[in-house]
Amino acid sequence: MEMIGHGGKPLVERVIADKTEAKKKIAGLKTMPASRQMATECISIAYGFFSPLEGFMKRADVDAVCKKMELADGTLWSIPIVFDISDQEIAEYGIKEGESILLTYDDNPLAIFEIEEIFTYPKDEMAFDVYGTKEEKHPGVARTYAYKDKFLGGKITLVNEPKIREPFTPYFLTPRQHRMKFQEMGWQRIVAHQTRNVPHSGHEWLMKHAYIAAHGELPVEQMEVIGRAISGILVNCIVGEKRAGDYIDEAIVLAQDGLKKYGYFREDIHMTTMTFWDMRYAGPKEAVHHSIIRANLGLTHHMFGRDHAGVGTYYESYEAHRLLMSIPREKLFITPIFVLEWVYCPHCGEVTCIGLCGHWNEHQKFSGTKIRSILIDEVKPTRLIFRPEVFDIVMDAAKKYGFGSPFVGPEYLAKAKPAFSIEPL
Amino acid sequence: MAETYPINIWINEERFKELQAAGLADLLKEELAGMKVLAVPCTAEERDKVLKLFPMAKFDAATTKSIELLPKYVKDKIYEMVVKRKKLNVMTEFCQLFERAGDAFWNQEIA
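Sequences listed follow chains U and C, in order. For the first sequence, counting from 1, position 188 maps to 188 in my numbering; every step adds exactly one. Adding 1000 to a residue's 1-based position in the second sequence gives its number in my numbering.
Bound-form chain U, shown alone (with noise of 0.2 Å):
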């Protein structure tokens, strides 16, 4: 079945499953390993969380993505997908464009890439278009200014599919593979929400707005049965390159999923499932680019709040909503619900969006950084403000795979297994 994903195309899917095949395929090639971000792009090129992304981009795209937010074809498209190389490594293996080679990882083999492209673009024109500065200490100009110096573009082909470990096993779908969920589901509107923390009930309202708001003018009755619902709430979590006291992914996957398990959702309305990702800050451009990844999932509502996928000052509160109003309907494959902030208010006793409630001058904010240092300090909070089975999730999450802290230090970052690794083909 033809499945269509962003820019109205049909859905990426470049894998060979049969592994005869697949050794037939790569016999002769000249071998390059990838890194490990190469080679999670690869992954989600390869199941076409990219597309209509076929491979790593030659520079006409590189160009339009940064000058225009497009693709050459004038697709929407926000953040560059290259895969940078040295002079030293294309002279060692041999790289010529219109050869193939095959990309390894762990030693194993990985995909197939034609190289259709060498070449250079300038790295801090590239920062700024995308980013909006270039300050190096904003981690996605950082990411750019450490690209080697050149690019090479060209189709992706997955020969040996990834092992998902645990405890990610059930949460990694493919585009495809969440498709055929929703259909099962019998959901008729899904909608997104993005993360990277463990749940707190500002988050669980937040999901609870955006649901109200997808599934709109949709029929409730046959909902008073559990089992009947007609629209759902994926949360897709971010997995990938971590930095110091970012949450753990174990515990992120988990705890989200603990939401449903304790009954905070009912399991006929809820899925956690997660991409791989490097998380690039890029605030309202990130923000599109993860409108392209949940349409290519099948989903048709994406939530967006304050501050997505921000960092430090640089971007306003709402300027993701902006932009994302900016463009043109027919060009992003998923509608956006925008969302205010939900807060704990005392005069209420109830948590409420700042939208609705009139006690401004009381309102207790759900900061991040309080919900943080109340985990650190190992003090269950009270359950309007974090659900105990989640916390204790948190918690056993921090003592099987944290070293003892849900939050990514420096013996998580050395020692913490990579949730997908290549085994011999």
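Just so you know, not all the hints are guaranteed correct.
[Stated by the list, open to error] Taking lysine to any residue pairs in the SDA-like style, the calculated list, with each CA pair at most 20 Å apart, reads: (1) C:K1058 with U:T369; (2) C:K1029 with U:P346; (3) U:K380 with C:M1056; (4) U:K242 with C:M1056; (5) U:K67 with U:Y145; (6) U:K365 with C:N1107; (7) C:K1065 with U:T313; (8) U:K380 with C:N1012; (9) C:K1036 with C:Y1073; (10) C:K1075 with U:K242; (11) C:K1075 with U:K365.
[Unchecked claim] Which chain C residues stay away from chain U? Per the calculated CB distances, all over 10 Å, these: (12) L1024; (13) T1043; (14) A1062; (15) P1071; (16) K1072; (17) V1083; (18) N1089; (19) Q1096; (20) A1111.
[Claimed, not checked] Here's a subset of chain U near chain C, in silico, CB distances under 8 Å, partners left out: (21) W360; (22) T369; (23) P381; (24) T382; (25) L384.
No lab work stands behind these hints: they were computed from the structure. Built from N, CA and C at the ideal position, the CB exists for glycine as well.
Start from chain U and add chain C according to the hints.
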């Protein structure tokens, strides 16, 4: 009055009872739906000292203006000192004691 920058120590039931028994419960503030927090103030000088002595800590300049990411064992020791001294302004002494004793400080009882 000069601005201060707190180290927030969140208080569980057990510690709340301990503070009540010591007559120190009025040092607590309520935040986030009734959660109790001991906000130990630091002057700008104390803040800089804490950040230097504990490089894993961060000053959240953007939102809470508080010192964050101090490990639990450090915050536990600060709590112990607040209880012993029966006051919140302990950070100069805390830093001095740690500088003097080094890591042995964590195993010493506050006199």
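Here's how the hints hold up against the structure:
A distance of roughly 10 Å separates the Cα atoms of K1058 (chain C) and T369 (chain U); the hinted pair therefore holds under the 20 Å criterion. Between the alpha carbons of K1029 (chain C) and P346 (chain U) the distance comes to roughly 14 Å, so the proposed pair stays at or under 20 Å and holds. Pair hint K380 (chain U) plus M1056 (chain C) does not hold up; C-alpha atoms about 23 Å apart against a cutoff of 20 Å. The suggested pairing of K242 (chain U) with M1056 (chain C) holds, with an alpha-carbon distance near 16 Å, which does not exceed 20 Å.
A distance of roughly 18 Å separates the Cα atoms of K67 (chain U) and Y145 (chain U); the hinted pair therefore holds under the 20 Å criterion. For the given pair, K365 (chain U) sits about 37 Å from N1107 (chain C) by alpha-carbon distance, which is inconsistent with the 20 Å threshold. Of the pairs offered as hints, the one joining K1065 (chain C) and T313 (chain U) holds, with about 15 Å between alpha carbons and a cut-off of 20 Å not exceeded. Distance hint between K380 (chain U) and N1012 (chain C) is fulfilled; the C-alpha atoms sit about 7 Å from each other, no more than 20 Å.
Between K1036 (chain C) and Y1073 (chain C), the direct Cα distance comes to roughly 19 Å. Compliance with the 20 Å bound is thereby established for this hinted pair. The hinted pair formed by K1075 (chain C) and K242 (chain U) fails the criterion: a straight-line CA distance of about 25 Å is larger than 20 Å. Straight-line distance between C-alpha atoms of K1075 (chain C) and K365 (chain U) comes to about 23 Å, which puts the hinted pair past the 20 Å bound. No beta-carbon of chain U comes within 10 Å of the beta-carbon of L1024 (chain C); the shortest separation is about 17 Å.
Consistency note on T1043 (chain C): stated as away from chain U, and its beta-carbon is indeed over 10 Å from all of that chain's, at 20 Å minimum. The Cβ of A1062 (chain C) does not lie farther than 10 Å from every Cβ of chain U; its closest approach is about 7 Å, which violates its non-interface assignment. For P1071 (chain C), the condition that its CB be more than 10 Å from all CB atoms of chain U is violated, with the nearest at approximately 7 Å. Consistency note on K1072 (chain C): stated as away from chain U, yet its beta-carbon is not over 10 Å from all of that chain's, at 6 Å minimum.
The claim that V1083 (chain C) lies off the interface holds: its Cβ sits roughly 15 Å from the closest Cβ of chain U, which is beyond the 10 Å cut-off. For N1089 (chain C), the condition that its CB be more than 10 Å from all CB atoms of chain U holds, with the nearest at approximately 20 Å. A cut-off of 10 Å between C-beta atoms confirms that Q1096 (chain C) is not in contact with chain U; the least separation is 24 Å. With a minimum CB-CB distance of about 25 Å to chain U, A1111 (chain C) clears the 10 Å threshold, and the non-interface call stands.
For W360 (chain U), the shortest C-beta to C-beta distance to chain C is roughly 17 Å, which exceeds 8 Å, and the interface hint is violated. Proximity of T369 (chain U) to chain C holds as hinted, the smallest CB-CB distance being about 5 Å (cut-off 8 Å). Nearest Cβ of chain C to the Cβ of P381 (chain U): about 6 Å, under the 8 Å cut. The hint holds. A least Cβ separation of about 5 Å between T382 (chain U) and chain C falls short of the 8 Å threshold, and the interface hint therefore holds.
A hinted interface residue such as L384 (chain U) counts as satisfied when its beta carbon comes closer than 8 Å to some beta carbon of chain C; here the least separation is about 4 Å, so the hint holds.
Of the hints listed earlier, those the structure fails to meet are numbers 3, 6, 10, 11, 14, 15, 16, 21, in rising order.
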